[in-house]
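A.B. asks: Spelled out, the chains give:
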Amino acid sequence: MTTTAEVEKPRADPGTGRAPRPRPGRIRRIGLPYLLLLPALVLELLVHLVPMAIGIVMSFKELTQFYIRDWGTAPWSGLDNYRVSVDFDAPVGEALLHSFLVTVGFTLLSVGLCWLIGTAAAIFMQDTFRGRGLLRALFLVPYALPVYAAVITWVFMFQHDNGLVNHVLHDQLHLTDKPSFWLIGDNSFYALLTVSVWKGWPFAFLIVMAGLQNIPGELYEAAALDGAGMWQQIRRITLPSLGPVNQVLVLVLFLWTFNDFNTPFVLFGRAAPEAADLISVHIYQASFVTWNFGTGSAMSVLLLLFLLAVTGVYLAVTSRGRRASHAR
Amino acid sequence: MRTIRAAATGAVVMSLALAATACGGGTSTDGGGSNDSPKTLTYWASNQGASIEVDKKVLQPELDKFEKQTGIKVKLEVVPWSDLLNRILTATTSGQGPDVLNIGNTWSASLQATGALLPWDEANLAKIGGRNRFVDSALGSTGAEGKDPAAVPLYSMAYALYYNKQIFADAGIAQPPATWAELVADGKKIQAKGKQVLGAEGANVSENVHHVFVFAKQHGADFFAADGKPDFTSDGAVAAVKQYVDLMAKDKAIPQGNAEYAQNQSVSDFAKGKTAMLLWQSASSNLKSQGMSEDKYGIAPVPVQSGTPGTGAQVNSMVAGINLAVFKNTDNLDGATEFVKFMTGDEEQKILNKAYSTIPPVASAQSDAGFNSAANAVLKDTLAKSAAALPQVADESQFETVVGTAVKELFADAAAGRPVTTESVKAKLAKAQQQMPTK
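For the record, the sequence lines run as chains L and E. Residue 1425, in my numbering, is where the first sequence stops; the numbers in between run on with no holes. Residue 441, in my numbering, is where the second sequence stops; the numbers in between run on with no holes.
It should be emphasised that the hints constitute simulated quantities derived from the structure, not laboratory data. A couple of the hints might just be wrong.
Okay, derived cross-link-like pairs now, DSS-like style, lysine-lysine, Cα gap no bigger than 25 Å in a straight line [unchecked claim]:
1) E:K428 - E:K254
2) E:K352 - E:K70
3) L:K1275 - E:K197
4) E:K356 - E:K298
5) E:K252 - E:K58
6) E:K382 - E:K298
7) E:K276 - L:K1275
8) E:K197 - E:K70
9) E:K298 - E:K190
10) E:K59 - E:K276
11) E:K167 - E:K149
12) L:K1275 - E:K195
13) E:K67 - E:K77
14) E:K197 - E:K274
15) E:K428 - E:K149
16) L:K1275 - E:K67
17) E:K77 - E:K356
18) E:K190 - E:K276
19) E:K190 - L:K1275
20) L:K1275 - E:K254
21) E:K274 - L:K1275
Please take these sequences and the hints and turn them into a complete structure.
C.D. replies: The structure is reproduced here in C-alpha cells:
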C-alpha cells in the first residue's frame, strides 16, 4: 500500500533530472498545519508561558504592596527570595518545609487511596449485574459535582456542634469520647484527606475502567481454564495489563493532588490549620495574604522545579520499565 | 482551495485578535484619573447587610436618585468580604478596577501604600464639604498619620456587648457586666442555668485581631512600636492575647465549639437564645433578620479591666467602619468625587446608616434623632470616648492576618484541651512576628 507521503513526495523531472519548482498551492498546503496550530500556540504562550516567565521575573524582585501597582519598578533582590524560602532554620523557610512535608504525606496517602478504591470499584464493576449502570453513574457523582458546592457540603458535615460526622461517630456509634474538631487542629489533616479521596477516586475509577475494556476476555477464559482463581487473575492479568494506564493515572493524580488549592481553601479558608497546611495554600498566603509577592513567586518556582523533577524521574523510570517489558 | 485560504486567514486573524486583546491594558494614568467617561461610574460596595441581595435593595434606589440628580449611571457590584481585599489587589495590579469602592477602614494605610487610591488632600476634601464634616475618630482610620487620607469615612461602627435579657433574668443577674471579672462571674451563674455564656468567632482572623487589639490597649500595649516596627511579644500583648483565649481555655465563658466559628455562627447562636452574650459591632439589623426583636436583648459597653470605659487603659473597642475610596486611574474623576459627596451628604448618610444600623461618621448626620436609640447611644459614646483606631501602618493588613491566625491556632489548642500558657502564647506571637515583612 502506498502512503500519502509517497504520493506527495516531489518527483524528479524525467527531462531535466531536477526537482520541479513547488507550485504556490503546495506551499500553502505545507504551511497550513502551522497556520492552524497558530491560535493554540498563541494561547499557550499567553495562558502558560508568559505568566510563567512573569512569575520567574517576579521571584527575583522585592515585590510588596509598595510596588504591586507597577511591579516592573520593584527593586531587584537577586536570590534573596530563594534564600529566604530555603533557609529552613528561619521561620519562612521552616514553615515552607513543614508545608512541603505535609503536602508530600497528604499526596502519597490521597493518591494511594484514590487508586486503590478506584481500581477495586472498576474491577468490581466489570461483572454485569442488575443496577450496574445506575451504580456506575452514582460513583461518578463526586467527580461531576462542582468543587465548591461539594467541599462546602463537607464543611457542614465536619462542623463540631451540628455536623453529621460527629453525629455518626460520637452520638450513634459512640466511637469517640467527645465530639471531635475536624476543621481546626490536628484532625484537619484527616478531614482534608477524606474530602480529597472522595473527590479523586471516581477519576481513578473512570480511567481504570477504560483500561479494563482493552484487556481481551480470552485471557481470563484461558486463565480460568488453567485453574487460576480471581486473585491470580487480577495479579497476573489485570494489573500488568493496566500498567500503562496506571502510569498516566498516578502521574496525573499526583500532580492534581499536590497542587490542589480549591479543597483546602474552601474547607479551611485563608488560614489553614498547621496540620493541613498544603503548599498551594501556603504559597497563596505568602503572596496574597502577607503580600510578599516576590517570596511567593520564588516558592512557586521552587515548587515547579520540584514537580518537573519528580515528573521527569517518574517518566524516565516508567518508560524504562515499559521498554524492558517490551524487550522481553 | 478557497476554503483552505479562508480557514488560514481566519486562524491568523483570530490569533492576532487574541494577542491584541491580551496585550491591551487599562487606561492607567498617574496623578488622579481623567474624565473620559463622564456619564458612568462603577461602584464596588462591601457586603454590609444580611446578604448581597439586601445590599442591592438598600443601595439601588439611592444610586437611581444619584443618576436622576447628575445624569451619571452607577453600575453597582456588591462584593463579599472574603473576596474584597483580593479583588482590590487584582484591580490595583491590572489597573482595571472600579471608579469608587468600599474598603474596610483598617486596611486604609495598607491600601494607601499601593498608591492606587486617590489621596484626599485639602482640595479634594473641599469638593465634598471639607475635613470638618467628619468625626475625628473616623478620620483616624483613613490612612497613615501625616499623609492625606486614602479614603473618606462612610459608615462607623463600634463593638458593644449584646446580652439576652431573659437569660440574664433567669440567672438572677441585674445588670450587664462592666468588667471582665464580672463577666466571668456572671458566666458561672449563666452556665448553672444550662446556657452558653459568650459567643466568639475563633476561626475568624479579623475578629480575633479586633478583640486582642482592644485587650492589648487595656494592658497598655500596642502591636507596633513607635517606629512602626511590629512588636507582638511585649508582656502587655502576650497578656492581652492570653486573657482573650483564656475566656475559653480557663474561664470556660466562650464555648469550645466556637473555636471553629468563622461564618457569624455566634450571631445565630445569640439570636436563637443559645448564648447569653455577644461582642459584636452593629449587630441589630443582623439579629432582626434572624428573628430576634430589639426588646429581647440589651446593649452595653464592652467590659474593661476596671472602672468605666474611657481613653487610655480603658479602651473597649476598635474604631470599626467602612470607608469610601476612589481609584486613582478612574475615567470619571469629577463624577467619582460627585458620588462621594452624594454618599457622604447628610441625607444619604441618614438613610444608609439607618439601613445598616451603623453610626454616621458625618457629624451633622449623627445628630439626627434616628440615631438616638439606646443601642446607638452606646455605640456613639464608645466611638467618641473609648474606641481606638487599629495601627495605621502599611503592614496593617499582614498584621491582621498573622496575629489573627495565631489567635485562631491558640483557640484550636484551647478547644482540644491543650494548655494555653504564657509561653505558648508568646511562641505563637513570635512566629507571627517573624512572618511580617522585614523591609
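A.B. asks: A separate judgement is required for each hint: does it hold in the structure or not?
C.D. replies: Consistency of the hints with the structure:
1. E:K428 - E:K254: Holds, because 21 Å separates the two Cα atoms, which is no more than 25 Å.
2. E:K352 - E:K70: At roughly 19 Å apart (the allowed maximum being 25 Å), E:K70 and E:K352 satisfy the hint.
3. L:K1275 - E:K197: holds, 19 Å
4. E:K356 - E:K298: This hinted pair holds, its Cα atoms lying about 20 Å apart.
5. E:K252 - E:K58: Not OK: E:K252 and E:K58 at ~43 Å, beyond 25 Å, violated.
6. E:K382 - E:K298: holds, 21 Å
7. E:K276 - L:K1275: This hinted pair holds, its Cα atoms lying about 20 Å apart.
8. E:K197 - E:K70: Violated: E:K197 and E:K70 sit about 52 Å apart, past 25 Å.
9. E:K298 - E:K190: Between E:K298 and E:K190 the Cα gap is close to 21 Å, so the pair holds against 25 Å.
10. E:K59 - E:K276: With Cα atoms ~31 Å apart, E:K59 and E:K276 exceed 25 Å; violated.
11. E:K167 - E:K149: violated, 45 Å
12. L:K1275 - E:K195: The given pair, whose Cα atoms are some 22 Å apart, holds under the 25 Å limit.
13. E:K67 - E:K77: Distance ~13 Å between E:K67 and E:K77 Cα, so the pair holds.
14. E:K197 - E:K274: The hint holds at about 11 Å.
15. E:K428 - E:K149: With a Cα-Cα distance of about 33 Å, the restraint between E:K428 and E:K149 is violated, given a limit of 25 Å.
16. L:K1275 - E:K67: Answer violated: L:K1275 to E:K67 is near 56 Å, above 25 Å.
17. E:K77 - E:K356: Satisfied, since the Cα-Cα distance of roughly 23 Å is no more than 25 Å.
18. E:K190 - E:K276: holds, 15 Å
19. E:K190 - L:K1275: Cα-Cα ~22 Å, so holds.
20. L:K1275 - E:K254: Roughly 16 Å separates the two Cα atoms, so the pair holds.
21. E:K274 - L:K1275: At roughly 24 Å apart (the allowed maximum being 25 Å), L:K1275 and E:K274 satisfy the hint.
When each numbered hint is compared with the structure, violations occur for hints 5, 8, 10, 11, 15, 16.
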